[in-house]
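> For this one, chain S is given, so just place chain H on it according to the hints.
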Amino acid sequence: MRIHSFKTRKLALFAILVALCLAIQLTPRPPNVEFTSFFTFTVGVVFGVFYGGFFGCFVMFVNGFLSPYGFAGLVMPFQMVGMAMAGVLGGVYRRLIPERIYSARFCTETAIVGAIIALIYDLVTNVGVGLWFVAGGTDFALAMLIAIAYGVFFSIVHILSNTAVFGILTLPSIKALNDLVGGGKIG
Amino acid sequence: MVEKRTLVFLTLAMIIWAVSISGLAGYFYLQNETHTQQIGENQQSLNRTASNYDKSMSKYNTLLSEYYVLYRSYSSVDANFTLLMGPFGKLMDDLGGNYSLLLMDHEDLNRTYYTLEEGYQMVYQQDNITSGNFTKLLNDYFELFNSLEIRELSIVLSETVTLAVSVGINYGNQTVEWHNETVVPAGFSLFQLTQEIATVDPRYDPLAKPGHIFIEAINDKEEYIAHHLGYSEGCSWLWYYWDDNKQDWIQGPVGCDAWMLKDGGVYKWSFEYWRWPP
Numbered sequence: 001m002r003i004h005s006f007k008t009r010k011l012a013l014f015a016i017l018v019a020l021c022l023a024i025q026l027t028p029r030p031p032n033v034e035f036t037s038f039f040t041f042t043v044g045v046v047f048g049v050f051y052g053g054f055f056g057c058f059v060m061f062v063n064g065f066l067s068p069y070g071f072a073g074l075v076m077p078f079q080m081v082g083m084a085m086a087g088v089l090g091g092v093y094r095r096l097i098p099e100r101i102y103s104a105r106f107c108t109e110t111a112i113v114g115a116i117i118a119l120i121y122d123l124v125t126n127v128g129v130g131l132w133f134v135a136g137g138t139d140f141a142l143a144m145l146i147a148i149a150y151g152v153f154f155s156i157v158h159i160l161s162n163t164a165v166f167g168i169l170t171l172p173s174i175k176a177l178n179d180l181v182g183g184g185k186i187g
Numbered sequence: 001m002v003e004k005r006t007l008v009f010l011t012l013a014m015i016i017w018a019v020s021i022s023g024l025a026g027y028f029y030l031q032n033e034t035h036t037q038q039i040g041e042n043q044q045s046l047n048r049t050a051s052n053y054d055k056s057m058s059k060y061n062t063l064l065s066e067y068y069v070l071y072r073s074y075s076s077v078d079a080n081f082t083l084l085m086g087p088f089g090k091l092m093d094d095l096g097g098n099y100s101l102l103l104m105d106h107e108d109l110n111r112t113y114y115t116l117e118e119g120y121q122m123v124y125q126q127d128n129i130t131s132g133n134f135t136k137l138l139n140d141y142f143e144l145f146n147s148l149e150i151r152e153l154s155i156v157l158s159e160t161v162t163l164a165v166s167v168g169i170n171y172g173n174q175t176v177e178w179h180n181e182t183v184v185p186a187g188f189s190l191f192q193l194t195q196e197i198a199t200v201d202p203r204y205d206p207l208a209k210p211g212h213i214f215i216e217a218i219n220d221k222e223e224y225i226a227h228h229l230g231y232s233e234g235c236s237w238l239w240y241y242w243d244d245n246k247q248d249w250i251q252g253p254v255g256c257d258a259w260m261l262k263d264g265g266v267y268k269w270s271f272e273y274w275r276w277p278p
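Quick note, the sequences are listed as chains S and H, same order.
With our numbering, you'll find the first sequence wraps up at 187, consecutive numbering, no jumps.
With our numbering, you'll find the second sequence wraps up at 278, consecutive numbering, no jumps.
For reference, chain S alone in the conformation it holds in the complex (with noise of 0.2 Å):
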C-alpha cells in the first residue's frame, strides 16, 4: 500500500508539473527564452533519465501543435529528440552530483548545464532546418551552415536566458521536489 500511495504522489506530481511547463512553453514570450528546458532537467534530476526524457518529448511534442508560433512542422522530432536530451542530461547529472556540494557551486555547475543544454537543443533543431533546406535542394553542408549560422542569435539569447535561468531557479527547485518525492538529499 505504501509503495502505491508513493507511486501516486509521483505520478501527480510528474501531472502537474507537464501541465505547469506545458503553460508556461504555450504562453506568448520573447522568442528562446523559455522554461521548459529547465522544467525537463528538473524533472530528470528528480525522477531520472527516462522520466526526464519523456518529459521533454511530450511537452514538445504538444508544443508542436498548439505554439503561439505555429505549427512546428518537419522540425518538431527534432525539437523533442532535443528536449528529451535535456531531461537525460538532468538524470545523469544527478548520479554525477557529489554527496556534498556548495550552493554556489551547484548554481554555477547548473547555469553551465543550462547553457550547454540551450546549444545542444539549439543545435539539433537547426540540423532540423538544414535538412528541411536539404530537401528544398539546397547542398548539405551550406544548409546546415545557413541554418546554424542564421540561428546564431537566437542561440546566444537562448544560452543566455537558460543560464539565468538555470543558475537561479534549479537549486531551489530541485530540493522542492525531491522532498515532496521523497527522494534521497541532494548536496
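Worth flagging that the hints you see were computed from the coordinates, not collected in a lab.
Model, not experiment: these values are computed from the prediction.
Where a beta carbon is used, it is the ideal one built from N, C-alpha and C, also for glycine.
Hints are not guaranteed to be accurate.
Stated by the list, open to error - Derived SDA-like pairs (lysine to any residue); straight-line CA-CA distance at most 25 Å:
#, chain 1, residue 1, chain 2, residue 2
1, H, Lys-4, S, Phe-106
2, H, Lys-4, S, Val-62
3, S, Lys-175, H, Phe-9
4, H, Lys-4, S, Pro-98
5, H, Lys-4, S, Ile-97
6, H, Lys-4, S, Ser-103
7, H, Lys-4, S, Val-49
8, H, Lys-4, S, Glu-99
9, H, Lys-4, S, Ala-111
Said to hold, decoys possible - Sample of chain S residues at the chain H side, in silico, Cβ under 10 Å:
#, residue
10, Leu-96
11, Ala-104
12, Arg-105
13, Thr-108
14, Ile-112
15, Ile-116
16, Ala-118
17, Ile-146
18, Ile-148
19, Val-152
Quick look at chain H alone, frame taken from chain S:
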C-alpha cells in the same frame, strides 16, 4: 591543484563559448558572401542598364535626325506637303520598326501608333494636302515618338529600380479596397498598375491627350452615362493622387495611361457621380 570536476565544467563553458563564436563567425561570413554576391549582381544590372540606355539613345538620336530633316523641309516657305508625305511614311515605318517590341507590349501606345497610321493613310489619299493636315500628323508623330522613348527609358530603368506604391479602389458604396506597397517596375503608368491589381475595361479615345485611356469598369463595376435634354449625368471611374504638400487628394489631370507612378505614391480610383453642365 584544480579538481577534475571543475576542469570538466570549465571545458564545457569553453565549448559553449567556442561554438557560439564560431556560429557568429559563420553568420558574418555568410552575410559577407551574400552582400558580395548582391553587389556583383547590382553591378551587372547597372552595366546592362547603361548598355541599354546607350542603345536607346542612339536609336532616339537617329530618329530625331530623320524627323529634323523632314521638319526643316516642312518649315521652308515653298513646302510641298504632298511631296513630304513619302518621307513622313518612311519616318512612320522607322518608328514602328525601331519600337516594334515596345508597341507589341503596350496596348495604349500601339493604339496611338495605328491611329496615327490611319490618319496618315487618310491624308495620303487626299489630292490636296493642306498645311493643317500635315502639321497635325507631324505633331502627333512627335508626341508619340517622345512617349515611346520615355516608356523605353522607363523600361531600361526598371531593370534596376522598382517602385512601391499604394492604390485604393473606392466602389462608391462605402467599400474601399486598398493595395498597399504594391511593387511595380519603374516607368509603370497608373493604367498598367490598375491592370495589375484589378480587372479593368479600358476605352481608347484618340482625341484625348495626354493619355488616351478611360476606364469604363473596374472589377465589373461599370460606369453609366445618361444623356438628357440639356445635360448629361452618370457615374464614372475617376482617379486621384495624394499630394503630400497639400495633404489632399488631387484629381488626375491627365489620362491614367500618361501618368507615371512615383515611388511611395498613393493613388485612388473612385466611382463617382457627375453631371454636365454642373
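> Hint by hint, say whether it matches the structure.
Hints versus structure:
no.: 1; hint: H/Lys-4 with S/Phe-106; in the structure: holds, 15 Å
no.: 2; hint: H/Lys-4 with S/Val-62; in the structure: violated, 40 Å
no.: 3; hint: S/Lys-175 with H/Phe-9; in the structure: holds, 22 Å
no.: 4; hint: H/Lys-4 with S/Pro-98; in the structure: holds, 12 Å
no.: 5; hint: H/Lys-4 with S/Ile-97; in the structure: holds, 13 Å
no.: 6; hint: H/Lys-4 with S/Ser-103; in the structure: holds, 19 Å
no.: 7; hint: H/Lys-4 with S/Val-49; in the structure: holds, 24 Å
no.: 8; hint: H/Lys-4 with S/Glu-99; in the structure: holds, 16 Å
no.: 9; hint: H/Lys-4 with S/Ala-111; in the structure: holds, 18 Å
no.: 10; hint: Leu-96; in the structure: holds, 8 Å
no.: 11; hint: Ala-104; in the structure: violated, 13 Å
no.: 12; hint: Arg-105; in the structure: holds, 9 Å
no.: 13; hint: Thr-108; in the structure: holds, 7 Å
no.: 14; hint: Ile-112; in the structure: holds, 5 Å
no.: 15; hint: Ile-116; in the structure: holds, 5 Å
no.: 16; hint: Ala-118; in the structure: holds, 8 Å
no.: 17; hint: Ile-146; in the structure: holds, 7 Å
no.: 18; hint: Ile-148; in the structure: holds, 6 Å
no.: 19; hint: Val-152; in the structure: holds, 4 Å
Against the hints set out earlier in the document, violations occur for numbers 2, 11.
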